[in-house]
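J.: Make a model of the complete structure from these sequences and hints.
Below are the chains, spelled out letter by letter.
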Amino acid sequence: MSKKVLIVDDDPDVRLFNTTVVEESGYTPIEAANGEDGLKLVKQESPDLVVLDVLMPKQSGIRLYRELKTNKSLQRIPVIMLSGVAKRTFLRSQKALTEFGDKPVPEPDSYLEKPVEPEELAQEIKKFLG
Amino acid sequence: MEIKKLLFVTRFDKLRFDALQSLMDLKKAALNHVVFLNVIEREKVAMRRGKGYEKSAEIRLREKANIRFIDWAETLFEQGMEVGVYIVVGSFAGQVIQAAEKESVDLIVLSPEKKGRLEQLYSGSDITEIVHRSHTPVLVYKYLTRKGPLAENPFEKPLLATNWSDASHRAIDYLKSLKDVIREVDVVHVASEKELKETSAMGIQKTRKENRRKLEDLCDELEAEGILAKPHVYIGDTVAEIDKAARECQSSMIIAGSPRKSLWKERWGTSISKGLAEQSIFPVLLIPPVEG
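Chains as they are written, first to last, in my numbering: chain S, 1 to 130; chain D, 1 to 292.
Per the computed footprint, the stretches of chain S lying under chain D, defined by three or more beta-carbons under 8 Å from a beta-carbon of chain D, are:
1) 50–57
2) 60–67
3) 86–95
Quick list of in silico lysine to aspartate or glutamate cross-link-like pairs, DMTMM-like style, CA-CA up to 20 Å:
4) D/64 / S/13
5) D/28 / S/99
6) S/40 / D/103
7) D/27 / D/180
8) S/87 / D/78
9) D/4 / S/36
10) S/95 / D/74
11) S/58 / D/74
12) D/27 / S/99
13) S/87 / S/99
14) D/64 / S/11
15) D/102 / S/37
16) S/87 / D/71
17) D/55 / S/13
18) D/157 / D/216
19) S/58 / D/82
20) D/4 / S/102
21) S/95 / D/71
22) S/114 / D/63
23) S/87 / S/113
24) D/102 / S/11
Estimated spans, in silico, between C-beta atoms of each pair:
25) D/24 / S/71: 23 to 33 Å
26) D/192 / S/12: 51 to 61 Å
27) S/72 / D/104: 21 to 31 Å
28) S/92 / D/244: 42 to 52 Å
29) D/208 / S/92: 53 to 63 Å
Keep in mind that the hints were calculated from the coordinates and are not lab data.
Just so you know, even glycine gets a beta-carbon here, dropped at the ideal spot from N, CA and C.
T.: Spelled out as C-alpha cells, the structure:
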C-alpha cells in the first residue's frame, strides 16, 4: 500500500495541483480544506506526511502545526509548510504563541513559499517518503 | 458575551487594515481570532453575452484579495493572533451570514452600505438583511474625521442608546463584557415627542425626570462593573437626536440594540438601526436580541 500524504489547503485549485503531484509521485493523497478538518484526518488516517497551508478558515496552519508538534503521537509526522505567508512570519508567530505561554515547537521540516513548481514539491515530498 | 472572534468584511475601499488595527484594543477583552471575508459580487464575474462566465476575472479578483489578506494576516500572526480567510463569490449579505455562522464569530465588522437608495428599495439593504438574519452583533465601521480620516479605537468612548427594549438590555450586557476596553460611556435615551404626554413645562420635565432616573440606575449598574457612565436625556427624532448626542459627547461610536422586525418593515419602514447605520457619521454597533 502506498504512503499517504495529507494535503491541507482551503484553495481547491491548490489542492488539485498538490494531489496531482502526490499521485504522480506514487503516493496516495488525502485532502482537507481547513486546519480543523486536517486535524481530524491526521487522527483518522495517520498520514506519512502533511503538506500544510497557513492562511485558512476555521483553523490556520499555524495552530494545526502547533497541535501536531505538541501531540506525542502525532509529532513524528513530517510537515511541509506550503504557503503564501512568509517563513519569517510563521516563525515569528510561533515565537509569539510560545511567549504567551504555549509550548515551544520545532521549526517545520520544510517551508515552501507559494507558488511552487511541481518538480520542487515532488522532490521535497520524496525527501521525506523516499 | 466576550468578543473572541471577529469577522472583518471588506471590499478594500471603505474598510482598510487601519480600521482593523483600531479594534485591536479588543484583545484586552479576549479577542484572539480574526476572520477576513471578501465577497466578490456576482455581477463582477457573471455571464456576459459573448463572453460567458468570466473565470479569469474571478481569479484576478481572488488573487488581488488574497495578496491583501496575506499581508494583513502576516501582521496579525506575528502578534500571536489566529487568522482565517474567506474569498467567495455570491450575494454579499448571504455570504456574510454564512461565514459568521460557519466560524461562530462574536462580532461582524463591515463598512457602510454600498448600494444607493434606489437600489435598496428594490433589493434591500445588505446591512439591514445581515442585522435581521444574523444573531451576531454588527459593527458598521466608519472612519472618524476629527483628525483627518483616521481610524480611532471606536470602543474607547461609546455612546449607548437605550430604549429599554430586550435588544437594549443585550447591548448593555455586551457593553459590560467590554469593560477592559471602554474608558467611559455616555448613556442616552431619546424620548419621542409622542412620549411627552403633557404639553406643560411640568409634564415635559416629569418625562425627563422619569427617564433620567432609569438612566442613572443603569449608569450605577455600569459603574459597579467598573465602567464610568454618564446619563443623558434627549427629546425628538430618535436617529437625529442620537447622532446629535454622539457629537456633543464626542463619542467614538454608537451602540444600540436592534429589535427584531419583519424584513419588510425594515426595508420600507423607519428602523432606528437602519437610520443610524446609514445616516450617522459615527461607527454604529448594532446588537440583535437574543435568539428565539
